[in-house]
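Visitor: Generate the whole structure from the sequences, applying the supplied hints.
If you use numbering that gives the first Met the number 0, the sequence shown closes out at 131, no skipped numbers anywhere.
By construction, these hints were calculated from the structure, which means they are not laboratory data.
Yeah, the Cβ is synthetic: ideal placement off N, Cα and C, and Gly gets one too.
A few of these clues could be false.
Beta-carbon label-pair distances, calculated as ranges [claimed, not checked]:
hint, residue 1, residue 2, range
1, E92, G27, 17 to 25 Å
2, P85, H15, 17 to 25 Å
3, P47, K106, 18 to 26 Å
4, G5, E92, 34 to 42 Å
5, G52, R21, 17 to 25 Å
6, K106, G52, 15 to 23 Å
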Amino acid sequence: MNDRHGHAVGDALLRHLAERLRAALGAGDCAARLGGDEFTILLGDAAPAPALGFALRLQARLAEPYDLGTGSPIRIGAAIGVACAPLHATRPEALVERADAAMYAAKRLGHPYLWDDALDLGPVGPGGAVPA
Numbered sequence: 000m001n002d003r004h005g006h007a008v009g010d011a012l013l014r015h016l017a018e019r020l021r022a023a024l025g026a027g028d029c030a031a032r033l034g035g036d037e038f039t040i041l042l043g044d045a046a047p048a049p050a051l052g053f054a055l056r057l058q059a060r061l062a063e064p065y066d067l068g069t070g071s072p073i074r075i076g077a078a079i080g081v082a083c084a085p086l087h088a089t090r091p092e093a094l095v096e097r098a099d100a101a102m103y104a105a106k107r108l109g110h111p112y113l114w115d116d117a118l119d120l121g122p123v124g125p126g127g128a129v130p131a
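Guide: As structure tokens, this is what we get:
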């Protein structure tokens with residue numbers, strides 16, 4: 000985005016994206032930018048089915064065009080991985096790792112993906128996957 004349209008447009012996109020995230024979140028939910036184009040969202044008390052439903056709605060909302068004054072609408076995509084505590088992990092590091100693995104599956108499939116034990120995290124231990 001920054002290379003093609005400049006940093007001002009990239010910053011404007013982040014502000015618009017943040018507005019859409021805020022509008023989608025409930026009172027007990029939280030979103031944070033991890034860096035670059037990566038964000039994390041914490042949903043309060045969300046079971047897998049409602050969390051995946053939220054992810055599907057959010058992906059559709061984020062994919063709607065952005066009018067940033069470039070002469071044509073800007074479109075972006077979102078790959079959303081979902082992991083739920085305590086079902087998928089109880090430790091924060093493990094939950095993030097599982098959501099990240101689900102996000103890579105979402106990138107391949109083109110739609111939000113719920114963590115599945117069949118996703119490969121690699122070897123468990125130092126430098127490997129974080130135990131749940």
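Visitor: Confirm or reject each hint.
Guide: Going through the hints against the structure:
1. E92 <-> G27: 17 to 25 Å: Since the Cβ atoms of E92 and G27 sit about 22 Å apart, the hinted range of 17 to 25 Å holds.
2. P85 <-> H15: 17 to 25 Å: violated (34 Å)
3. P47 <-> K106: 18 to 26 Å: Since the Cβ atoms of P47 and K106 sit about 20 Å apart, the hinted range of 18 to 26 Å holds.
4. G5 <-> E92: 34 to 42 Å: Given about 36 Å between the Cβ atoms, the range holds.
5. G52 <-> R21: 17 to 25 Å: holds (19 Å)
6. K106 <-> G52: 15 to 23 Å: Holds: the Cβ-Cβ distance is about 20 Å, inside 15 to 23 Å.
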